[in-house]
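Knowing the structure of chain B, use the given hints to seat chain D on it.
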Amino acid sequence: MEQNIFISGDEAVAHGVRLSRPNVIAAYPITPQTITVERLSDMVECGDLKAEYMHVESEHSAICATMGASAVGARTFTASSSQGLLYMTEGLHYCSGGRYPVVMMNANRSVALPWSIYGDHRDSLSLLDCGWIQVYVEDAQEALDMTIQAFKIAEHKDVLTPMMVNLDGFILTHTYEMVSIPEQDKVDAFLPPFQTENKMCFENPKNMAFSSQPDDNTEFKYQQNEAMFNAVKVLKQTNKEFAQSFGRDYGDMVEEYRCDDADAILVTLGSVTGTVRVVVDKMRAEGKKVGLLKIRYMRPFPEKEIIATAKKVKAIGVIDKDISFGYEGTVFTNVNSALAKANSTVLKKNYIGGLGGRDITKNEIENMFNELLTGKLKKDGEHVEFFNLKVAIDE
Amino acid sequence: MNKPQKKDFIKPKHINDYPVGPQFEAGHLADINAGWRTVRPVVDHEACIFCLRCYIVCPDGTIFKDGDKIGIDYDYCKGCGVCAHECPKDAISMIKEEL
Numbered sequence: 001m002e003q004n005i006f007i008s009g010d011e012a013v014a015h016g017v018r019l020s021r022p023n024v025i026a027a028y029p030i031t032p033q034t035i036t037v038e039r040l041s042d043m044v045e046c047g048d049l050k051a052e053y054m055h056v057e058s059e060h061s062a063i064c065a066t067m068g069a070s071a072v073g074a075r076t077f078t079a080s081s082s083q084g085l086l087y088m089t090e091g092l093h094y095c096s097g098g099r100y101p102v103v104m105m106n107a108n109r110s111v112a113l114p115w116s117i118y119g120d121h122r123d124s125l126s127l128l129d130c131g132w133i134q135v136y137v138e139d140a141q142e143a144l145d146m147t148i149q150a151f152k153i154a155e156h157k158d159v160l161t162p163m164m165v166n167l168d169g170f171i172l173t174h175t176y177e178m179v180s181i182p183e184q185d186k187v188d189a190f191l192p193p194f195q196t197e198n199k200m201c202f203e204n205p206k207n208m209a210f211s212s213q214p215d216d217n218t219e220f221k222y223q224q225n226e227a228m229f230n231a232v233k234v235l236k237q238t239n240k241e242f243a244q245s246f247g248r249d250y251g252d253m254v255e256e257y258r259c260d261d262a263d264a265i266l267v268t269l270g271s272v273t274g275t276v277r278v279v280v281d282k283m284r285a286e287g288k289k290v291g292l293l294k295i296r297y298m299r300p301f302p303e304k305e306i307i308a309t310a311k312k313v314k315a316i317g318v319i320d321k322d323i324s325f326g327y328e329g330t331v332f333t334n335v336n337s338a339l340a341k342a343n344s345t346v347l348k349k350n351y352i353g354g355l356g357g358r359d360i361t362k363n364e365i366e367n368m369f370n371e372l373l374t375g376k377l378k379k380d381g382e383h384v385e386f387f388n389l390k391v392a393i394d395e
Numbered sequence: 001m002n003k004p005q006k007k008d009f010i011k012p013k014h015i016n017d018y019p020v021g022p023q024f025e026a027g028h029l030a031d032i033n034a035g036w037r038t039v040r041p042v043v044d045h046e047a048c049i050f051c052l053r054c055y056i057v058c059p060d061g062t063i064f065k066d067g068d069k070i071g072i073d074y075d076y077c078k079g080c081g082v083c084a085h086e087c088p089k090d091a092i093s094m095i096k097e098e099l
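Here the protein sequences come in this chain order: B and D.
Position 345 of the first sequence, counted from 1, bears residue number 345 in our numbering, the numbering being contiguous throughout.
Position 56 of the second sequence, counted from 1, bears residue number 56 in our numbering, the numbering being contiguous throughout.
Extracted from the complex, chain B is given alone in its bound form:
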C-alpha cells in the first residue's frame, strides 16, 4: 500500500532518494536544503537506507566525491542550494563531461549579495550551460517522484548525463503537504540497480577522465549535446512508465493548462505554477481566455512544445524569478529564442519578480493576464518589467 504522510518538500526528496537505493551520498548542509540531508543521514544511521553517507567538508568535495563514486559504477546523490551550488560549479562541468549520472536536489535560493536565504531561480538558471539536465517541480509530491525518475533518466545508456531536481526554497522545501510514498518493491521494479560500462573496474581497467587535444574536444562536446537531446525521448518514456506504475502523470517537457482556446498565457517555472493555476481558474470562470504553460525542463529545452503552444495564443507572458543583468530574465531569453526560430509574431512580455523570496500574489498574476489580454504592452517597447517594486522608479 502506498502510504500518505504529511511532510515537507525536503523530506519528500529524502524519501525519494531512500526509495531509489543510492550507493553513495555526499552532501554538505545548506539552508534550505538542510532537512533533506539530515533525514538521509538519519536513514543511513538507523539502517533504513544501506548507503555510504560521506560527511564532506564542502560542496566542492560533495560533487567530487559523488563523481568519483559514480566513476566506479555507484548510484550517487548529492544536494545543495545557492552559494553551495555555485561552489560546486567546476565539478558540475567535470561531472557532465565525464558522463557521470549523479543526481542532485537543488533547493532554489537567491545568490549573494545582498545575502539572502530565501528563494528565487538565480542559482540554477545561472548554471544552464554546465551540461546538467534541469527539471523544476511544482509541489512536494512532484519533488519525490522526480527524484526517483531522475536516476532512471540520468543513468539511461543513451543519456548518461547528471540531473538536477530543482524545488523552490522554503515555498516547497519547508511547507508541508500530504505526500504519497510509493512502495519499495514497485520502485525497485521501476528503477533497477545502476549498470554502466563507463566505470573503472579491475576486470576492465580504463583510463578515466583524460584530456583531449583540439583534435577531439569538439567531438566529445558534440556527443554530450546529443546525449542531452536523447534525454528528451528518455524522459518522456520514463514519465509514461512512472504514470503506469504509480498513477501520477506530469506530462513531458511542459504541462499545458487551459491553453487550447486561450488568448493570453503565462509561462512559469516551479512553485509559482500553482498560484497561476488558481488565477487561471478564477479568470476562466469570469469568461477570460487565459492559460498556463508550466515549463518542467529547462535543459533539454522544450523548444517544440513552446512553439506549438505559441501558435494557439495571441500573447505570452513569462514570469522569471531571475534577471540576467543588462538584458532580461533567462527563461524569457530561452522562450524568445524558440519563438524567433518559428517566426512567431505573438505578443511577448517578461515579468521579473519573486526575487530573494518576495511573494508573487494572485493579484499581480491577474494584472499580468489583464495586460496581456489587451494585446499590447503597457509601455510601448518595454518587454521587460520588474513587477511589484516597492518604490517609485520613474524620473
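Just so you know, these hints were derived from the structure itself, not from any lab.
No residue lacks a Cβ here, since even glycine has one placed at the ideal position from N, Cα and C.
Just so you know, not all the hints are guaranteed correct.
[Stated by the list, open to error] Under the rule of at most 30 Å between Cα atoms (straight-line distance), these lysine-lysine pairs were calculated in the BS3-like manner: (1) D:11 with B:221; (2) B:157 with D:11; (3) D:78 with B:206; (4) B:206 with B:157; (5) B:199 with D:6; (6) B:282 with B:221; (7) D:13 with B:157; (8) B:206 with D:13; (9) D:7 with B:199; (10) B:221 with D:78; (11) D:6 with B:206; (12) B:199 with D:11; (13) B:233 with D:6; (14) D:78 with B:199; (15) B:206 with D:7; (16) D:6 with B:221; (17) B:289 with B:304.
[Unchecked claim] Covered stretches of chain D, as calculated for chain B (at least 3 residues, CB under 8 Å): (18) 26-33; (19) 46-52.
Only chain D this time, still in chain B's reference frame:
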C-alpha cells in the same frame, strides 16, 4: 621492470566510435609524448655508471633497465630534462627535436 603493453589506437571515423565521455580501455596512447616534446634525452652509455638516479627522478616513469643499460621510452618522455640535470656524470644530453 615490466612495461605495460601498448595497443594501437585507431582514430574514430564516426561519432558512434567515440568512447562515451573521455574514458577508454587502458593501454592506448592516442598522442605520443602528449605532442609537446621539443628536446629529447640521449644517454652516453660510455659515461653512464648505471646509478639509476635518472630512473628515480623521471616524473613520467619513462626510464627503464634495458639489460645492463639505461633505456628511455620516447613515446612517453616529454623532454623535461630532469634526468640530464640530475645525472652525476653528465651522461645525458638534451638534443633538439627536428620537426
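Taking the hints in turn, this is what the structure says about them:
Annotation: proposed proximity of residue 11 of chain D to residue 221 of chain B holds, straight-line Cα distance about 17 Å (limit 30 Å). Distance restraint check for residue 157 of chain B and residue 11 of chain D: the Cα-Cα separation of roughly 23 Å lies within the 30 Å cut-off, and the hinted pair is therefore satisfied. With a C-alpha separation of about 22 Å, the suggested pair residue 78 of chain D and residue 206 of chain B falls inside the 30 Å cut-off, and the hint holds. Between residue 206 of chain B and residue 157 of chain B, the direct Cα distance comes to roughly 18 Å. Compliance with the 30 Å bound is thereby established for this hinted pair.
For the suggested pair residue 199 of chain B and residue 6 of chain D, the alpha carbons sit about 21 Å apart, so the restraint of at most 30 Å is met. A C-alpha spacing of about 47 Å is found between residue 282 of chain B and residue 221 of chain B, which places the hinted pair above 30 Å, so the restraint is violated. Under the criterion of a C-alpha separation no larger than 30 Å, the hint pairing residue 13 of chain D with residue 157 of chain B is consistent with the structure, at around 21 Å. Using a Cα cut-off of 30 Å, the hinted pair residue 206 of chain B and residue 13 of chain D holds, with the two alpha carbons roughly 21 Å apart.
Between residue 7 of chain D and residue 199 of chain B the CA atoms are separated by roughly 20 Å; this keeps the pair inside 30 Å, and the hint holds. A C-alpha spacing of about 27 Å is found between residue 221 of chain B and residue 78 of chain D, which places the hinted pair at or below 30 Å, so the restraint holds. The suggested pairing of residue 6 of chain D with residue 206 of chain B holds, with an alpha-carbon distance near 13 Å, which does not exceed 30 Å. With a C-alpha separation of about 22 Å, the suggested pair residue 199 of chain B and residue 11 of chain D falls inside the 30 Å cut-off, and the hint holds.
Of the supplied pair hints, the one linking residue 233 of chain B and residue 6 of chain D is violated, its CA atoms being roughly 40 Å apart against a limit of 30 Å. With a C-alpha separation of about 28 Å, the suggested pair residue 78 of chain D and residue 199 of chain B falls inside the 30 Å cut-off, and the hint holds. The suggested pairing of residue 206 of chain B with residue 7 of chain D holds, with an alpha-carbon distance near 13 Å, which does not exceed 30 Å. Restraint check: the Cα-Cα separation between residue 6 of chain D and residue 221 of chain B comes to about 27 Å, which is no more than 30 Å; the hinted pair holds.
Proposed proximity of residue 289 of chain B and residue 304 of chain B is supported: the alpha carbons are some 23 Å apart, at most 30 Å. Counting residues of the segment 26-33 of chain D whose beta carbon lies closer than 8 Å to any beta carbon of chain B gives 4, which reaches the threshold of three, so the coverage claim holds. Only when three residues or more bring their CB closer than 8 Å to a CB of chain B does the claim for the segment 46-52 of chain D stand; here the count is 0, and the claim is violated.
Figure legend: structure checked against the earlier numbered hints; hints not met, in rising order: 6, 13, 19.
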